[in-house]
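Chain Z is fixed; fit chains C, F and P onto it per the hints.
There are 4 protein chains.
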Amino acid sequence: MTAKYRVAVIVGSLRKDSYTRRLAKALMALAPASLDCHIVEIGDLPLYTEDLDAAPPAAWTRFRQDISRADAVLFVTPEYNRSVPGGLKNAIDVGSRPPQQSVWDGLPAAVVSQSPYKLGGFGANHHIRQSLVFLNMPVLQQPEAYIPQVGELFDDVGELTAEAQAFLTRLVAAFVNWVALVGGARPSGAER
Amino acid sequence: MTAKYRVAVIVGSLRKDSYTRRLAKALMALAPASLDCHIVEIGDLPLYTEDLDAAPPAAWTRFRQDISRADAVLFVTPEYNRSVPGGLKNAIDVGSRPPQQSVWDGLPAAVVSQSPYKLGGFGANHHIRQSLVFLNMPVLQQPEAYIPQVGELFDDVGELTAEAQAFLTRLVAAFVNWVALVGGARPSGAER
Amino acid sequence: MTAKYRVAVIVGSLRKDSYTRRLAKALMALAPASLDCHIVEIGDLPLYTEDLDAAPPAAWTRFRQDISRADAVLFVTPEYNRSVPGGLKNAIDVGSRPPQQSVWDGLPAAVVSQSPYKLGGFGANHHIRQSLVFLNMPVLQQPEAYIPQVGELFDDVGELTAEAQAFLTRLVAAFVNWVALVGGARPSGAER
Amino acid sequence: MTAKYRVAVIVGSLRKDSYTRRLAKALMALAPASLDCHIVEIGDLPLYTEDLDAAPPAAWTRFRQDISRADAVLFVTPEYNRSVPGGLKNAIDVGSRPPQQSVWDGLPAAVVSQSPYKLGGFGANHHIRQSLVFLNMPVLQQPEAYIPQVGELFDDVGELTAEAQAFLTRLVAAFVNWVALVGGARPSGAER
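Chains as they are written, first to last, in the numbering used here: chain Z, 868 to 1059; chain C, 868 to 1059; chain F, 868 to 1059; chain P, 868 to 1059.
Chain Z with its partners taken away, still in its complex shape:
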């Protein structure tokens, strides 16, 4: 397997043992050899303000470099107040600045949202998608991933249920195809 895509996985919850992180890791474990997935942390990013652009915090620089090295982005997130968690939106903002230096430009993406209830983070999912339009990130449409009752993905010993595994496998396969299809839209090896 020679073709490799580096995938930056961004976890929208900052809680250490969050279901979101477990879900992200389950997705990473299901990824085929053609994807090289790694979580890019966002919890240490100072809130974005233009006042710091001249001398950016080290965490911003680290984050921007990590995304710059990626070929695709997988957002996995809970919903806070029917929208994107502030911490995740801050990471999106940090990566998008300064003007003309966005590290997101052209990267294929997928958005997976979850909630402990039935709505599956639909509101967060689509608010992220609205940002991805501006950021020029072609985003996987189907299968949509609004995962309800996230706790039920896992059985008593913490393994994915068969049903969960089947859905997430299908999702990962669609993402792989998407990245292969639209990844060529950006200049390969180009400085960003």
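Just so you know, these hints were derived from the structure itself, not from any lab.
Misleading hints may appear alongside valid ones.
The list cannot tell twin chains apart, which means a pair is met if one copy fits it or any two copies do.
Straight-line Cα separation of at most 35 Å, DSBU-like style, residue types lysine-lysine; simulated pairs [unchecked claim]:
| no. | residue 1 | residue 2 |
| --- | --- | --- |
| 1 | K892 | K985 |
| 2 | K892 | K871 |
| 3 | K871 | K883 |
| 4 | K985 | K883 |
Computed from a predicted model, the values in this text were never measured in an experiment.
Coordinates of chains C, F and P only, in the frame set by chain Z:
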């Protein structure tokens, strides 16, 4: 004038000399005596995570107390990546937690968005509104305030133009009426 | 009981035996004596175009008159393609024109969405809410009503389950309070 | 030039001499030889209801066939009440049904919105995009096309201004690239 409403003004940009802050101050200057407006700062709030709920950062507690003392909330914000700035969304999240202890519950609100271009922050404005549904904050509908080309609100010596003053005055008047109308929906003097 | 509010109930599905209509009727049956609810039909409205404004179709005129006589509006809708059914959006458009003659202006509203699956029509619900901002219709925030698995509202003999009845009763009560609270925002008895 | 893509252009306004239609025609005139663009009319489509699925109106069948023959879709639309015009949403709904027989599945798309004012139909644009996720239509992200003050696209003799021509040319070029890139995602020549 005996009836007084305390209004928490939240500025979505963290930049010191931001147009958003100038706009917020212009709105505050136009407020009638019945409104007691003060900016509640959000730039020092650590990113929300449940892991800190047991021993909340001092900035979270300060912010929650400031909002708890308010009778209404005025959001004034730029748009980042077609949505709410991460720092503002984080403040909304901090105020909403822990569960059942949201400080936003029942507070009348208005949302004013701006941009340096034509779109006036429409995307940010409506994403905030989606959160306000969940937070049970009755929100002013008209006049909508998507303020385009924000720099043009001010003349060469930094004063509001006549046209800007007319619009913002109308907006503040509608907000005052809204607060008076729906402020009674929440238990006056009640513990929140 | 002297105070009476006329409520126009708008059913977003045009199917004769739709769950949406059953849900609307269930809500109407739970309404207290202070609400006078009636369904305003939308299925016969020709698609809106300015070309017909000079000589509006009879169905448009009938619809506009029905809404004009109402004191509040209750939208009950399914979701089509993650948004508002075209027929319902068309009704909203018909009522909003010609310019300066919208029949919606100032009417308190609530939005109830449903789906046969888990998402409860969240997308449709919030897209309607975005229109209500422009239309100046103050809208009930809580309880949100994204009703999942709508078929399960009813038992084997077609009666509301106890759980469904409890939720819908709470919803109607909140709507009554909302109409009483903000109904005064528009000139009583005024020509619209 | 052998490679040809058939593009269904859908005009969201039903007004005969609408600016939307003029804009659509301007885009079609700028299309390169590789695109075969034609407007698919939506004004005669009866409102969607499942009750007619068994014996669909002729206009529905005609519309579905027209879209089935297309390789891509270009939506050009005004904004009605901060959302999609009811007539356009109805066309989207008609094309999406009956279940499992959507004619939209997999078709690459672009969304161009316009308004006579500054907001450029941002609300309509993104509401359509939310539907496109469900419909599995990969959608062009950049350049976004929220065209403000649509009348100013054209000069005194009805020709595109140089600035308008430059932007629309860039938009069409990006759309061509997008169709070429993701058009392969659907089975070529497959029955839909």
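Against the structure, the hints:
1. K892 <-> K985: both (22 Å within a copy, 25 Å between copies)
2. K892 <-> K871: within (19 Å within a copy, 43 Å between copies)
3. K871 <-> K883: Within one copy, since 29 Å is at most 35 Å while 44 Å is not.
4. K985 <-> K883: So K985 and K883 pass the 35 Å test inside a copy (23 Å) and across (28 Å) alike.
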